[in-house]
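Student: Taking the hints as your guide, dock the two standalone chains into a single complex.
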Amino acid sequence: MENKLALSQERIDRARELAKRIVSPVQDFIVEHTTVTVERATLRLAGADGADVDGVPVPNLVVDQLKGKLENGAITYYVNALLKTGETVEGLNRKIAEGFRIGELPLGDKAAIDRKAKELVLAFAERVKRNRAHREAKLEQFKGRNCSPLLYVIVATGNIYEDVKQAQAAAGQGADVVAVIRTTAQSLLDYVPYGATTEGFGGTYATQENFRIMRAALDEVIEKEQRYVYLTNYASGLCMPEIAAMGALERLDMMLNDSMYGILFRDINMYRTFVDQKFSRMINAFAGVIINTGEDNYLTTSDAVEKAHTVLASQFLNERFALEAGLPPKQMGLGHAFEMNPTIENGFLLEVAQAQMAREIFPDAPLKYMPPTKFMTGDIFKGQVQDALFNFVSKFTNQGIHLLGMLTEAIHTPFMMDRSIALENAKYVFNNIQDLSGEIEFKKDGIIVKRAHQVLEEAVTFLETIERTGLMEAMEQGEFAEIKRPRDMGKGLDGLVKKGPEYYNPFEAYLINELGLKA
Amino acid sequence: MIVRPYGDTLDDGAVQLSFTLPVPDGPRGREAARLFVEKLGFKHAEVVHSHALSEGFSFYVAYGKTEIGIDFDTVHVEEAVGEKVYGMYEACDVIKEKLGRKVVVVGACTGFDAHTVGIDAIMNMKGYNHHYGLERYHEIEAYNLGAQVPNEKLIEFAEKVKADAILISQIVTQKDVHIQNMTEFIELLQAKGLREKFIVCAGGTRIGNKLAVELGYDAGFGKGTYADHVATYIIDRLIERKTAR
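Same order as they appear, the protein sequences are chains A and B. The C-terminal residue of the first sequence carries number 519 in my numbering, and the numbering is unbroken. The C-terminal residue of the second sequence carries number 1245 in my numbering, and the numbering is unbroken.
Incorrect hints may appear among the rest.
Here are some, though not all, of the chain B residues that point toward chain A, as calculated from beta-carbon distances under 8 Å [unchecked claim]:
hint	residue
1	T1020
2	L1053
3	K1065
4	F1112
5	A1114
6	K1126
7	T1205
It is worth saying that the hints were derived from the structure and are not from the lab. All C-beta atoms in this analysis are idealised placements derived from N, C-alpha and C, irrespective of residue type, glycine included.
Chain B on its own, in the form it takes in the complex (with noise of 0.2 Å):
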């Protein structure tokens, strides 16, 4: 099945844009952003507003048809989780019935990030957005480290309390720090052998399954996760490797 952009006629195309140019605003920034839309391959390319940002600097609000379509059908994506979500209580019980023992699980929003909203939603008590933390989860052992945690010391940490799963926070990505970071844990985790002795999930609002396991990491979670959709991966993780055992 083909699809296209809906407006409101089905196939017609319709995108919204919006955008700044370096160019003052008026009847050629104007053209010129019209220009730019139509270039991109939009027909009926439409400025319907625009305004100065500063004297050399202009903003624009368009509209455009696109005759671009996707087949819906060929379209795949690789999601850590699949359909099957654990909620907390349930989890719980899984823990019990199939490992049965407590589950370890060290996160940190590491490097210079600074920001631990992230990390805090999937591990603090309260959770985010009426899903609870990972440190509500009896059969969880959650030590949450906060922000600006040394790769170094999350590691040193996560082996003295034995961790089954380390959760590594990026929600800075300017200049692509995070990858940068990323990487040199995934390295430093490998050149002391441990590597495989945890489940290495990485988070943040623009870090997605493709770009953790790209980077030599178990899984990755973006927008929209809550702690249900890590505590159900590494669950089904140390499932599956104690079976395999």
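Bound conformation, chain A alone (with noise of 0.2 Å):
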């Protein structure tokens, strides 16, 4: 490990403890509920798609017929409804959009459903095993075409298929990955709309047949500039293990994926929450998504240098959930953001310390650095500067995913022209500075060594606190980016269900042992 700020290892060990002691008895309570999105994703994994004439996607269809069943699990119904009827999935699914009611129907012999289950699980399995080898061949055939850290950029244009256009013209400037941004409506919604979007606000929405259309004109660019391109997307709101399971059908390669953003900026329950965010993270676990954390959000609502450690201990927090839910380290992109006000002197060299510490804590995460937004003022000229400097500390700290700034971040979403002269900037800096981190130690007792000190052991304090406290009543009492979420408000409470005793799951049973986590 790179280790260049001499940070106690003793004190990096203590943090992590703490954050495993923190999630544990989250942990507890997740294990005991699902939800109905967590019903709804399995149902998808399983093949459950398309919609009834109003749009209602079939996953939803079938939940909202197991009122009161729930808490068995949805895919004894749907597999239930497979046998009694002899259909196909794609049969039962135009069977279900009619109107066809599953629930109704008495249960058959339960051997027989868990064979056929079975046969589901396999099949999806084999899907994404597939989809995760193609990804691995792709980026080892094109080994060493790709920039590092990774040029990330948004196309945001509301509809897919100028998105696709934005997104091939970028894959050509040079981006290795693509987010399609959201409509901002999409976090809450408790549902995943079906089709292709033409016309939305502030992005499109994570449909599958988006993703399907993105992969697809993603995948002609792979050949065509003999570099692999990363597909993102958002697997957060109300939603989060339904969009990670259709990412994991459509070979996605990053998701974003918090487990605690929602809760906080999205005022979604927050038992809901956990309970969904451990499913999602499951199953990007084993699609072999890299999931991309949102401790930036902190950042634009707080102080960047008082409530810098905020942000490190929510990256220990983040780290373990992702942990808990099977996540390698290598597909953590943990968050964090350059947003320090650039008034501050010397604020580079803080920037610096955070960028580094993050580094050389978390070795083997791609970290996720955010570009500077809060303080973005218009002036597009002092913006190329600020995003030249935020350039110059991605590439000198090694992170591993550098989503672009945008030197009209402030005025509207990126034209073309925005994103070559982000793209321009970034590879400008990154290859005048190849090796310079090699090159460079910093001064024992200096300012960026003491700083990185500083956060961390604010953070280790911080941790004690929510230790101390609890996570979820922490919560409550507004810790976490100053915001007050009591347990039993926000939306999407009436989702989560407690598990029964008959709950059956042999989806969430074979990720469990494919991921080696504890059932």
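Tutor: Okay, here's the thing in structure tokens:
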């Protein structure tokens, strides 16, 4: 491990131990519960898809029919219906979309249901393993062709076909990662819309069809550019596991997935999110998807200098939640951001300290580094310089995933030329300082080293407080991002279900086994 | 006084432009870009840089000189707040002295907009760029309801806490979604007969006083607004209303 900051391993271990103890009681709660979207995700993994004439998706139709029975697991009834009707998955989906009610069928032989369900699990597993193998083969074939850190851009036209043009152009200009921004409304929908989006505000819906369209477009570019292009979407909001399921099936490579973001920034109920994030992360883990966590959001609401330790603390917690879901460090794109006020004297040194500290504490994680947004003013010329400094810190501290800053941040969603200017800026800086990191050591008791030690120490103290209080209590009291979230409030609480003694979910069981998790 | 853009000599009319054309980069693209700049009315149009964005798109940086001028004496703007802006302590003193009670302000980022950066800058304790937010004002009771708050909920809450003022933040403006949402809010207030009960302000990077007033708000606050401006506006209106009664 790189060790320029001489951080105390004992303090780092202490923080990890605290994170483990903080997350442990939450895990106990999680394993006893399921949610409507966990059930719908399971149905999707089994092949449930399509929508009725009003656009209600088939997984929602099924779960809505099973009110009071969800504690047994929705998949039982879906598989039972397959057996009773003799239909294929596609045939059954069509019937359900036309109004067929599977909840009313008498339950058949359990062993037969189990046999059929395991066939579906196998089909799912094979498809996802094929996706994984394909990605790995392409990454191997085009090894060394991606930038380091990976250059990540967003497309956000609201029309998936327009997004395709922008994404292909960006990939042609050198982008390694393309994220398709979701329409801001989606995080609070308790269903995943069906079909292609051609008119969205601030983005498109995350739908399986949109995933397919963009994947095909990027696959085309990959062959042309002889460089792998990662596809990213958002497994956040009220449907984390369902979107993760669609991402696994359609070979997405990265997904935004934070264990607490929905609670804090979308006012989603904490019980609901904790249960949802676990299953979604298990799916991400199995699919080889790199998660991107959302610590950058703390800094847009709070001060980046004063609250730096909350970012580090959250990284420890996100890491712990990820480990509990079977994600290896190389799939943990832990987040942070370059969000200090540019007027601060030596602010650059503090940014270097923060980024280098994250690098050294999480050596195997492809850290996701977010650009300046809060202090971008509309002065595009100054913005370009802010982005250049951000690019410098990112390369200098060997970040993993570099979200490109746009000079027009705070003005509009990126124009095609904005993205090109940002890519040129980053490529210039990265190339120009390619080996600088290896040449530089930090002064032992200098500003950078001292700052990193201070932030780590504050994070340990903060985690100690959380451990004493309990994570859920701490969130109720507003310890994170200065936002208070009572445990019985927030959206989606009515979708939380305690698992019954007969709860059946062979997909979950398969993932637990594959990922080597405790049942 | 007639004014023109200034490069390095008074009245030279120098303007810098950058844009994308949906054509391949090359001599024809550059000439098309130059002709475009000329057609805008610029003299001495010059394309100083171009590069390909993709096979079918290219980027241009150009300069031109304009003869168009603006009579500065005839330019008028209507900002919500005049020259006099209270600092935090001064604002609190004025409230105590002239109103004699706490001022209640409710704010939210409404509709589907999830970007709280604007409302946070105005309301959060910490504020923005060394200007404390309304939560820090001793004489203001500030409630920041956060993001994606339905208009209905916001009004309900404002009634519950007997708000003096409601602040609405809108950051996402793609396809004019903010206008739709802002209009709906005012219509809802009017339908409930509550429009006159509150001072209603809108804010956001693309929202100015003019637009907000057109949509039926009392005031609008755009780029460069701090809590000081918003507080000053609210306090002055409340004092006006008090003395008018």
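Student: Looking back at the hints listed earlier, which ones does the structure fail to meet?
Tutor: Result: hint 3 breaks, nothing else.
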